[in-house]
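Trainee: Sequence:
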Amino acid sequence: MTDEIVDRLNRFRAEAASRGLPAKEVEEWIRVALPAVYMAEGGDGPLVARVGGDPLLPHGAPEPSDPFVASVDLAALPPGATSLPLPADGHLLFFSGTDVHGKEGPVPDAVLYVPAGTPTMPSPLEHSRREPYRPRELRTVWHQSSAQMPESFALDRWGDFPEDEQFELADELCGAWEDVGGYRPSWTLQIGGHPVSPQNDPVHYARDSEEAGPSGQSGTAHGEGADWALLATWRCGDDVTELDSGVAHWVIRHRDLAARRFDRVHRYVEMA
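Everything in the sequence shown is counted per our numbering, starting at -18 for the first residue and increasing by one.
Note that these hints are calculated values from the structure, not bench results. We put the CB at the ideal spot given by N, CA and C, even for glycine. One thing to keep in mind: the hints can contain errors.
Simulated restraints, written as ranges between beta carbons of each label pair [stated by the list, open to error]:
#1 GLY41 / PRO113: 16 to 24 Å
#2 HIS40 / LYS5: 30 to 38 Å
#3 PRO103 / ASP145: 52 to 60 Å
#4 GLU118 / HIS40: 22 to 30 Å
#5 LYS5 / ASP160: 17 to 25 Å
#6 ILE(-14) / ARG115: 48 to 56 Å
#7 GLU149 / SER190: 41 to 49 Å
#8 ALA(-5) / GLY86: 13 to 21 Å
#9 TYR94 / ASP152: 35 to 43 Å
#10 GLY41 / ALA4: 34 to 42 Å
#11 PRO179 / HIS40: 36 to 44 Å
The calculated lysine to any residue pairs, modelled on SDA-like cross-linking and capped at a C-alpha distance of 20 Å, are [claimed, not checked]:
#12 LYS5 / HIS82
#13 LYS5 / PRO143
#14 LYS5 / ARG(-8)
#15 LYS5 / GLU107
#16 LYS5 / LEU(-10)
#17 LYS5 / PRO96
#18 LYS5 / ALA21
#19 LYS5 / ARG138
#20 LYS5 / SER127
#21 LYS5 / ARG120
#22 LYS5 / PRO179
#23 LYS5 / ASP152
#24 LYS5 / LEU15
#25 LYS5 / ALA97
#26 LYS5 / VAL161
#27 LYS5 / CYS155
#28 LYS5 / ARG(-11)
#29 LYS5 / GLU146
#30 LYS5 / SER133
#31 LYS5 / GLU132
#32 LYS5 / GLY218
#33 LYS5 / TRP139
#34 LYS5 / GLN147
#35 LYS5 / SER226
#36 LYS5 / ARG(-6)
#37 LYS5 / THR99
#38 LYS5 / GLU149
#39 LYS5 / VAL(-13)
#40 LYS5 / ASP219
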């Protein structure tokens, strides 16, 4: 944990205390916060990620069923900057169309891991639905603690039916957190952390869909469902004019990520 993150947590505690928020819930808010990496255009740093254009695919790789979004150089991420069991090097390639919500369940070719040293070549994708997304380079990268959205925090903290006062407390904790957050540059791609969603929490959505099972009855305890994590979020911006403030999320179980089972990724597309 960096000195900057420790300082922010201390300022959050002080701000929450000044608002009379319960110390127990303040510490729980901190406990469930997750480290995340954010990437943006600009800067003169090393190339961390590439968005849009044609992907560099391994020789003989099958063509993904959706347009190429981004390629992330895993070796360029700050060490320990997320809580995810990511590979130490190689590239993660993300793919997504613009259909809101889209396919339920795993999307086998939504994420592709290309190990370091794998021969690749530029591979234009023959998608009739749209042109490739605008190509650009992401060289600005920073990491910081990522808090849950207030509604997600309330649901995880107090069960499926929190009281109005508990939702209000979660909103107040979020307000105190944001007030000490400092300046955050506009970002394009997020790795790890908690999602920021205009509609539904994609981690909860994946977890709850699996818990319901085919009969609609809960089949997985919340403790097991907590294994779900945000892998990445792409803020589409002007690249996708058909979506208003569109975002695409990729979520995966920790154990599937550790096993490199990217064919088990779930993907969700939303707009404001």
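Trainee: Which of the listed hints are broken here?
Mentor: 2, 6, 7, 8, 10, 12, 15, 17, 18, 21, 22, 25, 32, 35, 37 and 40
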